[in-house]
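S.K.: These are the residues of each chain, in order.
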Amino acid sequence: MTNLVEVNNLKAWIGEQQILKGISLSVQHNDVLAIIGPSGCGKSTFIRCLNRLHEEIIGARVEGEVKILNENIYGSTVDPVRVRRQIGMVFQKPNPFPSLSIYDNVAIGLKLAGIRRKSALDEVVERSLKQAALWDEVKDKLRMPGTSLSGGQQQRLCIARALAVNPPILLMDEPTSALDPISKAKIETLLQDLKRYVTIIMVTHNMQQASRVSSKTAFFLLGELIEFGPTEQIFTQPKAKLTEDYITGRFG
Amino acid sequence: MKKKDKDFSDKIFYWILKILGYGTMVLLAALVVVLLKVSFPIFEKFGLKFFILNDWNPVTRVFGALPFIYGTVVTSLLAIVIAVPVSIGIALFVTEIANSKIKKILSFLVEMLAAIPSVVYGLWGLFVLVPWLRNSVEPFLGKYLGFIPLFYGAPYGVGVLAAGIILAIMIVPTVSSICREIFYSVPNLFREGALALGATHWEMMKLAVVKSSVSGIFGASILGLGRALGETMAVTMVIGNRPQISPSLFSPAQTLASLIANEYNEASNSSHLAALTAMGLVLLMVSLAVNTFAKIIQKRFQMRTGVGK
Ligand SMILES: Nc1ncnc2c1ncn2[C@@H]1O[C@H](COP(=O)(O)OP(=O)(O)O)[C@@H](O)[C@H]1O
Ligand SMILES: [Mg+2]
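These protein sequences, in sequence, are chains A and B. Residue 168 in our numbering sits at position 172 of the first sequence; the count goes up by one each step and never skips. Add 19 to a position in the second sequence, counting from 1, and you land on the number used in our numbering.
If you are wondering where the hints come from, they were derived from the structure by calculation, not from laboratory data. Each hint should be verified, as a subset may be incorrect.
[To be verified] One side only, chain A facing chain B, incomplete, derived with CB under 10 Å:
| # | residue |
| --- | --- |
| 1 | Arg44 |
| 2 | Arg57 |
| 3 | Val74 |
| 4 | Pro92 |
| 5 | Ile104 |
| 6 | Arg157 |
| 7 | Ala158 |
| 8 | Val161 |
| 9 | His201 |
In this text, a Cβ means the ideal position worked out from N, Cα and C, and glycines have one as well.
Can you make the complete structure from the sequences, with help from the hints?
M.R.: Next comes the structure, spelled out in structure tokens:
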């Protein structure tokens, strides 16, 4: 089976500070990879390296290789805009564009890709909102601003926005950490559905979430990958002492 | 300090603020009353025709405000049309593109523009801008775009175009520094959201920065417009001071403020003085109307976007 994502010896810096110290792992189609670890250990930086967003920070630098569908996205001829267009990303805080309606927030990815045909957009907006379990709540007010929704709805809107271009990979950076428990639960249920058609790489702070949703888990500590394997194994028989300490809540 | 003393000083402070607050309102009201009183004979004589009469002749004592209202509005709008895009460009460059050294230098230079006295702008306009417009820009525009009424007519140099450009330069510091602050206040979350969707840097600036700031940019423009409407000295020096209504940007014109500045000293009779005062009143009303309109529109935008409050 070929790898969808293959990361080889990935290192990342901001200024003088080295944040990732040589990460290697691979993800297959329809995996859900959970990335866990204490704050500041480089989880966000890692997933931001997977769509070349990290380099947008002033002073940021990346070394190593990230292959997506066998293409090294850090190859010298690769355009980061094209990479990002193919990978969905959901952030920690919901960030629908305040100037755009619910409809336009979902359609914006396609519009950026040059698709303007109304029927095509209509179809994608409906499909994506359904996938994000938001359609029933917003179908009568698609022209309202995206920011008029509640926090949990806004986050699902962002999921719909990311899904609209049909990305093979969805990156999520603690997508539920800014939400109330009910919205959190809704999004977790949603993830169970999503994993049928998109490979998810998700940072999470929440051990239960990781064990409930993911098929693989990677444990980061101080910029290093301490342990990586099937979620069940990591949570029941961790190989590294540090992983066990972290999972049982002895630090972090 | 004992609690009692503190209560007492609180009270005094409260009253000082209250007096200052109400004082402003009283001052504005008093201003309007005085202007109304002095200009009353004019309204008595011409009534509302004063606003639509296209004639100004202190000798025959015919006074109409229309050409001056026209000149004021057109030069100020032209200034906004030029200054707003330039200011947005400068603000985007400073917040999104420039490195920190260039950022500082550019911000400093733009702020210096605001410190230049109006009369110096006027001199520069008269000796540099006007000849350039007369000899190069206006003949060129006339040759290629002369079929549009805006660019039709003899290249005088002095006129609406010169006044509009001078005003634009004068309001760029205000408008661009407000835009800059607004752009800084746009959360990075929106920029990263746009980039992650595969927006280029230009698309990101448009989508995440400018579009989220529409109501703020509008507010900045109105502030600039307010300044342009009342600007006197520099405009007086380059507008040609001829009360006429012409669609051409090349033709001389006159504004309310430049009229007052020009004729106040030589007001020959009491009705001339009354007419000039009436002009002041009109200028005040135009400014208040613009600001009120702006506030209403801005409220509308805010309700739509929820940003730029
Ligand atoms: N924009 C930034 N500028 C400077 N340092 C940063 C920035 N973002 C993250 N860092 C630093 O990088 C390290 C890793 O951060 P991050 O990847 O966000 O960790 P995590 O997501 O695991 O909490 C931290 O030490 C943090 O201070
Ligand atoms: Mg993080």
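S.K.: Ala158(A) was flagged as interface toward chain B. Is the shortest Cβ-Cβ separation under 10 Å?
M.R.: 8 Å, holds
S.K.: Per the CB criterion, is Arg44(A) less than 10 Å away from chain B?
M.R.: 9 Å, holds
S.K.: Holds or violated: the hint that Ile104(A) contacts chain B, with Cβ atoms closer than 10 Å.
M.R.: 6 Å, holds
S.K.: Go through the hint on Pro92(A) and say holds or violated, using the shortest Cβ distance to chain B against 10 Å.
M.R.: Since the shortest Cβ distance to chain B is 8 Å, the answer is holds.
S.K.: Tell me if Arg57(A) is really an interface residue toward chain B, meaning its C-beta lies closer than 10 Å to one of theirs.
M.R.: The hint is violated - Arg57(A) has no Cβ within 10 Å of chain B, the shortest such distance being about 16 Å.
S.K.: Can you verify the interface hint for Val161(A): is its Cβ closer than 10 Å to any Cβ in chain B?
M.R.: At 8 Å from the nearest chain B Cβ, Val161(A) passes the 10 Å test, so the hint holds.
S.K.: With 10 Å as the cut and Cβ atoms as the points, is His201(A) at the interface with chain B?
M.R.: 18 Å, violated
S.K.: Under the criterion of a CB-CB separation shorter than 10 Å, is Arg157(A) in contact with chain B as hinted?
M.R.: With a minimum Cβ separation of about 7 Å from chain B (threshold 10 Å), the hint on Arg157(A) holds.
S.K.: Taking the least C-beta to C-beta distance, is Val74(A) closer than 10 Å to chain B?
M.R.: Hint violated; Val74(A) Cβ to chain B Cβ min 13 Å, cut 10 Å.
Against the hints set out earlier in the document, violations occur for numbers 2, 3 and 9.
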